[in-house]
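Undergrad: Single-letter residue listing:
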Amino acid sequence: MMAVADTCFIIDWARYTRSRVLFQVFDRVLVPRQVLDEVRREPTVAFVAEGLARGHLAYYEPTPDALREADELVLKSLSTPSLRRVDLPEAVCLVMGRRLGFVVLTENLGAIALARSLDEYRGVEVWRSIDVLREAFRRRLLTGDPREEVERFSRETKHVFREEEVEEVVRCSRTS
Amino acid sequence: MLEDLLKAEEWAREVRRRMADWAFIESQPPRLREALKYLVERGDLRVAAKLAGMGVDELADVAKQANIPTAP
Numbered sequence: 000m001m002a003v004a005d006t007c008f009i010i011d012w013a014r015y016t017r018s019r020v021l022f023q024v025f026d027r028v029l030v031p032r033q034v035l036d037e038v039r040r041e042p043t044v045a046f047v048a049e050g051l052a053r054g055h056l057a058y059y060e061p062t063p064d065a066l067r068e069a070d071e072l073v074l075k076s077l078s079t080p081s082l083r084r085v086d087l088p089e090a091v092c093l094v095m096g097r098r099l100g101f102v103v104l105t106e107n108l109g110a111i112a113l114a115r116s117l118d119e120y121r122g123v124e125v126w127r128s129i130d131v132l133r134e135a136f137r138r139r140l141l142t143g144d145p146r147e148e149v150e151r152f153s154r155e156t157k158h159v160f161r162e163e164e165v166e167e168v169v170r171c172s173r174t175s
Numbered sequence: 000m001l002e003d004l005l006k007a008e009e010w011a012r013e014v015r016r017r018m019a020d021w022a023f024i025e026s027q028p029p030r031l032r033e034a035l036k037y038l039v040e041r042g043d044l045r046v047a048a049k050l051a052g053m054g055v056d057e058l059a060d061v062a063k064q065a066n067i068p069t070a071p
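Residue numbers (numbering that gives the first Met the number 0), protein chains in the order written: chain A, 0 to 175; chain B, 0 to 71.
Hints listed in this document are in silico derivations from the structure and should not be mistaken for laboratory results. Wrong hints could be hidden among the right ones.
Below, computed lysine-lysine pairings styled on DSS-like, alpha-carbon distance capped at 27 Å [to be verified]:
| id | chain 1 | residue 1 | chain 2 | residue 2 |
| --- | --- | --- | --- | --- |
| 1 | B | LYS6 | B | LYS63 |
| 2 | B | LYS63 | B | LYS36 |
| 3 | B | LYS49 | B | LYS63 |
| 4 | B | LYS36 | B | LYS49 |
| 5 | A | LYS75 | B | LYS6 |
| 6 | A | LYS75 | B | LYS49 |
Quick look at which bits of chain B chain A covers, simulated, 3 or more residues with Cβ under 8 Å [as the list claims (entries may be wrong)]:
| id | region |
| --- | --- |
| 7 | 3-10 |
| 8 | 52-61 |
| 9 | 64-70 |
Ideal Cβ placement from N, Cα and C applies to all residues, glycine included.
Assemble the whole structure, with the sequences as input and the hints as a guide.
TA: Set out below in structure tokens:
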């Protein structure tokens with residue numbers, strides 16, 4: 000399974016001590032130039048550099064055509080009142096998701112809303128960190144107490160999840 | 000489905016408002032302070048970073064110090 004990651008997702012996973020599980024869930028995760036451009040701090044850069052060196056991550060330079068489509072997506076998100084804004088980096092991820100069938104990894108609700116609202120993007124799978132943790136438990140890549148693991152992720156990344164989302168991870172860990 | 004997202008957005012805003020260290024936020028230089036307040040309201044790290052004149056992951060670190068969670 001392949002994925003393409005947005006900046007906020009990368010920042011969170013760079014802080015998580017069990018980040019290796021991301022590369023067990025996915026064979027490879029693409030990092031578009033627009034995402035890499037936003038990464039400045041040493042721990043995040045180190046996470047990306049190590050991932051690139053090991054081949055878990057792959058740098059991707061979008062073509063002008065892909066950028067044009069991404070820019071159209073940004074403008075559509077800004078000009079449609081029922082949508083939430085998406086910016087170029089996550090729009091590039093959505094375009095990659097649509098064109099190549101990759102899972103889009105982002106925490107941006109705007110990207111999720113857009114993928115659910117626009118016909119041409121409806122087939123794009125958008126996952127948040129909680130979805131990756133749930134999949135890891137479902138495939139037994141993570142074992143132990145799922146609630147404790149989600150708490151660890153929250154503690155290390157300062158990311159909070161709704162109780163029903165945590166409950167879903169617990170449920171998946173039981174049925175796997 | 001979109002209604003769920005709107006609810007998630009509202010829930011996240013409430014969590015950020017409740018958890019944020021407002022004394023820390025108010026003690027920051029004006030540009031950073033306003034960027035953090037924007038982040039609490041909108042949860043948009045990218046635009047908040049632009050407001051602060053910082054990188055996205057640099058602002059994420061300050062947000063962590065300000066106890067502003069990423070949510071949902």
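Undergrad: The structure should be examined with respect to each hint, and the outcome stated for every one.
TA: Against the structure, the hints come out as follows:
1. B/LYS6 <-> B/LYS63: It holds: about 24 Å lies between the C-alpha atoms, which stays within 27 Å.
2. B/LYS63 <-> B/LYS36: Holds: B/LYS63 and B/LYS36 sit about 13 Å apart, inside 27 Å.
3. B/LYS49 <-> B/LYS63: Holds, because 17 Å separates the two Cα atoms, which is no more than 27 Å.
4. B/LYS36 <-> B/LYS49: At roughly 13 Å apart (the allowed maximum being 27 Å), B/LYS49 and B/LYS36 satisfy the hint.
5. A/LYS75 <-> B/LYS6: holds, 22 Å
6. A/LYS75 <-> B/LYS49: Between A/LYS75 and B/LYS49 the Cα gap is close to 21 Å, so the pair holds against 27 Å.
7. 3-10: With 4 residues in contact (Cβ-Cβ under 8 Å with chain A), the coverage given for the region 3-10 of chain B holds.
8. 52-61: holds (count 6)
9. 64-70: holds (count 5)
Going down the numbered hints, you'll see the structure goes against none, and every one checks out.
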